[in-house]
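**Student:** Quick note on numbering: the sequence shown equals residues 0 to 294 in numbering that gives the first Met the number 0.
Keep in mind the hints are simulated off the structure, nothing from the lab. Only a predicted model underlies this, so the values are computations on that prediction, with no experimental measurement involved. Keep in mind that a hint or two might mislead.
Unchecked claim - In silico EDC-like pairs for lysine to aspartate or glutamate, Cα to Cα no more than 20 Å straight-line: (1) LYS261 <-> ASP120; (2) LYS98 <-> ASP120; (3) LYS258 <-> ASP220; (4) LYS258 <-> GLU224; (5) LYS238 <-> ASP220; (6) LYS50 <-> ASP160; (7) LYS261 <-> GLU235.
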Amino acid sequence: MNAEVLPDLQVQISKAETLIEALPYLQEFRGKVMVVKYGGSTMGSGDTVYKDIVFMQAVGICPVVVHGGGPAITRRLQGLGIESQRVAGLRVTDAATMKVVEDVLFGEVNARIVREIGALDGRAVGVSAKDAGIMQVHKYWAQTDGGPLDIGYVGGVQRVDTAPLLALIAKGMIPVVAPIGRGPAGASFNVNADTAAGEIAAALHAEKLVFLTDVPGIMRDLADEASLLSTVRVSEVGKLIDQGAISGGMIPKVEACIKSVKAGVRKTHVIDGRVPHAMLLEFYTRQGIGTQIVQ
0 MNAEVLPDLQ VQISKAETLI EALPYLQEFR GKVMVVKYGG STMGSGDTVY KDIVFMQAVG
60 ICPVVVHGGG PAITRRLQGL GIESQRVAGL RVTDAATMKV VEDVLFGEVN ARIVREIGAL
120 DGRAVGVSAK DAGIMQVHKY WAQTDGGPLD IGYVGGVQRV DTAPLLALIA KGMIPVVAPI
180 GRGPAGASFN VNADTAAGEI AAALHAEKLV FLTDVPGIMR DLADEASLLS TVRVSEVGKL
240 IDQGAISGGM IPKVEACIKS VKAGVRKTHV IDGRVPHAML LEFYTRQGIG TQIVQ
(Lines of atoms letter the chains of each structure in order from A and count residues from 1; the text may use other names and numbers.)
(Lines give C-alpha, C1' and ligand atoms only; values in the text may rest on other atoms or scores of the structure.)
Protein backbone atom coordinates (compact mmCIF):
# COMPACT_ATOMS: atom_id res chain seq x y z
CA MET A 1 0.00 0.00 0.00
CA ASN A 2 1.27 3.45 -0.90
CA ALA A 3 2.27 5.23 2.34
CA GLU A 4 1.18 8.59 0.91
CA VAL A 5 -2.49 7.60 1.05
CA LEU A 6 -2.40 6.37 4.64
CA PRO A 7 -4.32 8.60 7.09
CA ASP A 8 -2.32 10.74 9.45
CA LEU A 9 -2.21 8.54 12.54
CA GLN A 10 -1.83 11.50 14.92
CA VAL A 11 -5.03 13.05 13.55
CA GLN A 12 -6.85 9.78 14.16
CA ILE A 13 -5.48 9.55 17.71
CA SER A 14 -6.59 13.14 18.33
CA LYS A 15 -10.12 12.22 17.25
CA ALA A 16 -10.08 9.25 19.64
CA GLU A 17 -8.90 11.50 22.47
CA THR A 18 -11.84 13.82 21.81
CA LEU A 19 -14.20 10.88 22.24
CA ILE A 20 -12.47 9.85 25.46
CA GLU A 21 -12.77 13.43 26.76
CA ALA A 22 -16.52 13.15 26.21
CA LEU A 23 -16.81 9.75 27.95
CA PRO A 24 -17.55 10.94 31.52
CA TYR A 25 -20.18 13.35 30.21
CA LEU A 26 -21.76 10.63 28.08
CA GLN A 27 -21.96 8.43 31.16
CA GLU A 28 -23.26 11.22 33.41
CA PHE A 29 -26.02 12.44 31.11
CA ARG A 30 -27.36 9.11 29.84
CA GLY A 31 -31.08 8.87 30.55
CA LYS A 32 -31.32 12.53 31.59
CA VAL A 33 -33.81 15.05 30.18
CA MET A 34 -32.37 18.14 28.50
CA VAL A 35 -34.61 20.97 27.32
CA VAL A 36 -33.38 22.87 24.27
CA LYS A 37 -34.89 26.22 23.39
CA TYR A 38 -34.30 26.74 19.66
CA GLY A 39 -34.93 30.39 18.81
CA GLY A 40 -36.12 31.87 15.57
CA SER A 41 -33.00 34.05 15.41
CA THR A 42 -30.73 31.00 15.07
CA MET A 43 -32.85 28.94 12.69
CA GLY A 44 -31.32 28.63 9.25
CA SER A 45 -27.75 28.80 10.60
CA GLY A 46 -27.05 25.31 9.27
CA ASP A 47 -28.17 21.84 10.21
CA THR A 48 -25.65 21.14 13.01
CA VAL A 49 -28.28 21.91 15.66
CA TYR A 50 -30.38 19.04 14.34
CA LYS A 51 -27.33 16.78 14.22
CA ASP A 52 -26.51 17.65 17.83
CA ILE A 53 -30.06 16.84 18.92
CA VAL A 54 -30.03 13.49 17.07
CA PHE A 55 -26.58 12.73 18.51
CA MET A 56 -27.88 13.34 22.03
CA GLN A 57 -30.79 11.01 21.44
CA ALA A 58 -28.45 8.35 20.01
CA VAL A 59 -26.24 8.37 23.14
CA GLY A 60 -29.17 8.03 25.52
CA ILE A 61 -30.07 11.62 26.39
CA CYS A 62 -33.75 12.58 26.30
CA PRO A 63 -33.99 15.94 24.46
CA VAL A 64 -37.11 18.10 24.58
CA VAL A 65 -37.14 20.94 22.05
CA VAL A 66 -39.13 24.13 22.64
CA HIS A 67 -38.97 26.51 19.71
CA GLY A 68 -39.73 30.08 18.84
CA GLY A 69 -40.54 31.48 15.42
CA GLY A 70 -40.73 35.25 15.64
CA PRO A 71 -39.11 36.07 12.29
CA ALA A 72 -41.33 33.58 10.44
CA ILE A 73 -44.43 35.00 12.13
CA THR A 74 -43.44 38.55 11.22
CA ARG A 75 -42.90 37.57 7.57
CA ARG A 76 -46.34 35.94 7.40
CA LEU A 77 -48.01 38.94 9.01
CA GLN A 78 -46.28 41.29 6.58
CA GLY A 79 -47.46 39.17 3.68
CA LEU A 80 -51.02 39.48 4.95
CA GLY A 81 -50.70 43.22 5.52
CA ILE A 82 -51.06 42.87 9.30
CA GLU A 83 -48.91 45.30 11.26
CA SER A 84 -46.74 43.89 14.05
CA GLN A 85 -46.64 45.80 17.31
CA ARG A 86 -44.62 45.09 20.44
CA VAL A 87 -45.02 46.24 24.02
CA ALA A 88 -42.30 45.48 26.59
CA GLY A 89 -40.73 43.08 24.08
CA LEU A 90 -43.93 41.06 23.56
CA ARG A 91 -45.97 40.88 20.37
CA VAL A 92 -49.41 42.47 20.63
CA THR A 93 -51.64 39.56 19.63
CA ASP A 94 -55.20 40.22 18.55
CA ALA A 95 -57.45 37.40 17.25
CA ALA A 96 -56.20 37.67 13.65
CA THR A 97 -52.57 37.73 14.75
CA MET A 98 -53.11 34.74 17.06
CA LYS A 99 -54.44 32.70 14.15
CA VAL A 100 -51.25 33.49 12.20
CA VAL A 101 -49.05 32.75 15.22
CA GLU A 102 -50.63 29.33 15.67
CA ASP A 103 -50.50 28.48 11.97
CA VAL A 104 -46.85 29.47 11.65
CA LEU A 105 -45.54 28.04 14.92
CA PHE A 106 -47.17 24.64 14.62
CA GLY A 107 -47.92 24.29 10.94
CA GLU A 108 -44.64 25.68 9.60
CA VAL A 109 -41.80 25.97 12.13
CA ASN A 110 -42.65 22.93 14.24
CA ALA A 111 -43.21 20.76 11.19
CA ARG A 112 -39.86 21.82 9.71
CA ILE A 113 -37.94 20.95 12.89
CA VAL A 114 -39.57 17.52 13.08
CA ARG A 115 -38.83 16.93 9.41
CA GLU A 116 -35.16 17.92 9.77
CA ILE A 117 -34.66 15.64 12.78
CA GLY A 118 -36.38 12.80 10.94
CA ALA A 119 -34.11 13.27 7.92
CA LEU A 120 -31.18 12.42 10.23
CA ASP A 121 -32.95 9.28 11.49
CA GLY A 122 -33.92 10.94 14.75
CA ARG A 123 -37.33 10.16 16.24
CA ALA A 124 -39.29 13.34 16.85
CA VAL A 125 -42.94 14.30 17.17
CA GLY A 126 -44.40 17.78 17.01
CA VAL A 127 -46.86 18.91 19.66
CA SER A 128 -48.77 22.08 20.39
CA ALA A 129 -48.52 22.76 24.12
CA LYS A 130 -52.19 23.73 23.97
CA ASP A 131 -53.58 20.76 22.05
CA ALA A 132 -51.47 18.24 23.99
CA GLY A 133 -52.65 19.71 27.30
CA ILE A 134 -49.12 20.60 28.37
CA MET A 135 -49.43 24.29 29.18
CA GLN A 136 -52.32 26.03 30.90
CA VAL A 137 -52.01 29.83 30.86
CA HIS A 138 -53.69 32.96 32.14
CA LYS A 139 -54.03 36.22 30.27
CA TYR A 140 -50.85 38.26 30.57
CA TRP A 141 -50.98 42.02 31.07
CA ALA A 142 -47.90 43.97 30.01
CA GLN A 143 -46.47 46.22 32.70
CA THR A 144 -45.87 49.73 31.37
CA ASP A 145 -45.19 53.14 32.87
CA GLY A 146 -48.87 53.87 32.45
CA GLY A 147 -49.90 50.70 34.29
CA PRO A 148 -51.02 47.23 33.09
CA LEU A 149 -51.80 47.10 29.36
CA ASP A 150 -53.98 44.58 27.54
CA ILE A 151 -51.87 43.12 24.68
CA GLY A 152 -54.40 40.52 23.56
CA TYR A 153 -53.90 36.77 23.39
CA VAL A 154 -50.57 36.66 25.24
CA GLY A 155 -50.32 34.13 28.02
CA GLY A 156 -48.46 33.77 31.27
CA VAL A 157 -47.81 30.17 32.27
CA GLN A 158 -50.11 28.99 35.04
CA ARG A 159 -49.39 25.25 35.05
CA VAL A 160 -47.35 22.68 33.10
CA ASP A 161 -48.55 19.08 32.84
CA THR A 162 -45.50 16.92 32.14
CA ALA A 163 -47.43 13.66 31.59
CA PRO A 164 -47.79 14.05 27.79
CA LEU A 165 -44.07 14.85 27.47
CA LEU A 166 -42.97 11.99 29.71
CA ALA A 167 -45.16 9.58 27.74
CA LEU A 168 -43.42 10.59 24.50
CA ILE A 169 -39.98 10.40 26.11
CA ALA A 170 -40.78 6.89 27.39
CA LYS A 171 -41.50 5.87 23.79
CA GLY A 172 -38.06 7.10 22.71
CA MET A 173 -39.40 10.20 20.99
CA ILE A 174 -38.09 13.78 20.96
CA PRO A 175 -41.01 16.11 21.78
CA VAL A 176 -40.84 19.29 19.70
CA VAL A 177 -43.08 21.78 21.48
CA ALA A 178 -44.78 24.82 19.95
CA PRO A 179 -45.29 27.38 22.78
CA ILE A 180 -49.02 27.86 22.39
CA GLY A 181 -50.94 27.78 25.68
CA ARG A 182 -54.51 26.91 26.56
CA GLY A 183 -56.12 29.94 28.11
CA PRO A 184 -59.54 30.84 29.53
CA ALA A 185 -62.41 29.06 27.75
CA GLY A 186 -59.86 26.93 25.87
CA ALA A 187 -58.62 29.79 23.70
CA SER A 188 -55.15 29.75 22.14
CA PHE A 189 -52.61 32.11 23.70
CA ASN A 190 -49.16 33.10 22.48
CA VAL A 191 -46.47 32.35 25.09
CA ASN A 192 -42.92 33.73 25.04
CA ALA A 193 -40.82 30.74 23.97
CA ASP A 194 -38.05 31.50 26.48
CA THR A 195 -40.57 31.53 29.30
CA ALA A 196 -42.22 28.34 28.03
CA ALA A 197 -38.88 26.53 27.84
CA GLY A 198 -37.98 27.56 31.38
CA GLU A 199 -41.34 26.49 32.79
CA ILE A 200 -41.19 23.13 31.00
CA ALA A 201 -37.61 22.48 32.14
CA ALA A 202 -38.56 23.34 35.72
CA ALA A 203 -41.61 21.07 35.67
CA LEU A 204 -39.58 18.19 34.21
CA HIS A 205 -36.70 18.77 36.68
CA ALA A 206 -34.47 18.54 33.63
CA GLU A 207 -30.73 17.99 33.91
CA LYS A 208 -30.08 20.99 31.68
CA LEU A 209 -31.86 23.85 29.97
CA VAL A 210 -30.02 25.38 27.02
CA PHE A 211 -30.91 28.51 25.08
CA LEU A 212 -29.54 28.69 21.54
CA THR A 213 -29.15 32.37 20.71
CA ASP A 214 -27.42 34.63 18.18
CA VAL A 215 -24.84 35.95 20.68
CA PRO A 216 -21.89 34.14 22.34
CA GLY A 217 -23.51 34.25 25.79
CA ILE A 218 -23.57 36.79 28.61
CA MET A 219 -20.81 39.40 28.23
CA ARG A 220 -19.78 42.13 30.65
CA ASP A 221 -19.27 44.39 27.64
CA LEU A 222 -21.77 43.72 24.85
CA ALA A 223 -19.28 45.06 22.30
CA ASP A 224 -16.42 42.80 23.45
CA GLU A 225 -16.77 39.04 22.97
CA ALA A 226 -13.60 38.57 25.05
CA SER A 227 -15.65 39.69 28.08
CA LEU A 228 -17.79 36.53 27.86
CA LEU A 229 -18.69 35.15 31.30
CA SER A 230 -18.35 31.36 31.34
CA THR A 231 -20.29 31.01 34.61
CA VAL A 232 -22.87 33.29 36.22
CA ARG A 233 -24.43 32.58 39.60
CA VAL A 234 -28.06 33.41 40.31
CA SER A 235 -26.95 35.88 42.99
CA GLU A 236 -24.97 37.86 40.37
CA VAL A 237 -27.79 38.38 37.88
CA GLY A 238 -29.33 41.49 39.46
CA LYS A 239 -26.04 43.35 39.37
CA LEU A 240 -25.42 42.34 35.74
CA ILE A 241 -28.86 43.67 34.76
CA ASP A 242 -28.14 46.96 36.56
CA GLN A 243 -24.82 47.21 34.70
CA GLY A 244 -26.52 46.57 31.34
CA ALA A 245 -24.65 43.32 30.68
CA ILE A 246 -28.01 41.55 30.65
CA SER A 247 -30.61 43.53 28.74
CA GLY A 248 -33.32 43.33 26.08
CA GLY A 249 -34.14 39.83 24.87
CA MET A 250 -31.53 38.30 27.17
CA ILE A 251 -33.59 39.20 30.26
CA PRO A 252 -36.45 36.67 29.73
CA LYS A 253 -33.85 33.97 28.96
CA VAL A 254 -31.98 34.64 32.17
CA GLU A 255 -35.20 34.89 34.17
CA ALA A 256 -36.20 31.47 32.79
CA CYS A 257 -32.76 30.12 33.74
CA ILE A 258 -33.11 31.40 37.30
CA LYS A 259 -36.55 29.89 37.78
CA SER A 260 -35.34 26.59 36.36
CA VAL A 261 -32.29 26.22 38.58
CA LYS A 262 -34.33 27.19 41.64
CA ALA A 263 -36.80 24.44 40.67
CA GLY A 264 -34.08 21.81 40.46
CA VAL A 265 -32.58 22.07 36.96
CA ARG A 266 -28.88 21.49 37.67
CA LYS A 267 -27.43 23.81 35.04
CA THR A 268 -28.74 26.22 32.45
CA HIS A 269 -26.79 27.44 29.44
CA VAL A 270 -26.91 30.38 27.03
CA ILE A 271 -24.85 29.55 23.94
CA ASP A 272 -24.38 30.75 20.38
CA GLY A 273 -26.48 28.56 18.12
CA ARG A 274 -24.63 29.88 15.07
CA VAL A 275 -21.47 28.01 16.12
CA PRO A 276 -21.35 24.55 14.51
CA HIS A 277 -22.11 21.83 17.08
CA ALA A 278 -22.43 24.39 19.87
CA MET A 279 -24.32 22.03 22.17
CA LEU A 280 -21.78 19.23 21.82
CA LEU A 281 -18.97 21.67 22.56
CA GLU A 282 -20.78 22.91 25.66
CA PHE A 283 -21.88 19.53 27.03
CA TYR A 284 -19.03 17.20 26.09
CA THR A 285 -15.82 19.20 26.40
CA ARG A 286 -14.04 20.43 29.53
CA GLN A 287 -13.74 24.01 28.29
CA GLY A 288 -17.22 24.42 26.83
CA ILE A 289 -18.54 27.57 25.21
CA GLY A 290 -21.15 30.15 26.13
CA THR A 291 -22.41 30.95 29.64
CA GLN A 292 -23.74 28.57 32.26
CA ILE A 293 -26.06 29.90 34.95
CA VAL A 294 -25.99 27.98 38.23
CA GLN A 295 -27.14 28.34 41.83
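**Student:** Take the hints in turn and mark each one as holding or not.
**Tutor:** Verification of the hints:
Simply put, LYS261 and ASP120 have alpha-carbon atoms about 35 Å apart, too far for the 20 Å limit, and the pair is violated. The straight-line distance between the Cα atoms of LYS98 and ASP120 is roughly 32 Å, outside the 20 Å bound, and the hint therefore fails. Of the pairs offered as hints, the one joining LYS258 and ASP220 is violated, with about 25 Å between alpha carbons and a cut-off of 20 Å exceeded. Among the hinted pairs, LYS258 with GLU224 is inconsistent with the structure: their alpha-carbon atoms are about 26 Å apart, more than 20 Å.
A hinted pair counts as satisfied when its Cα atoms are at most 20 Å apart, and LYS238 with ASP220 qualifies at roughly 14 Å. Among the hinted pairs, LYS50 with ASP160 is inconsistent with the structure: their alpha-carbon atoms are about 28 Å apart, more than 20 Å. Using a Cα cut-off of 20 Å, the hinted pair LYS261 and GLU235 holds, with the two alpha carbons roughly 14 Å apart.
Violated hints for the displayed structure, listed by number in ascending order: 1, 2, 3, 4, 6.
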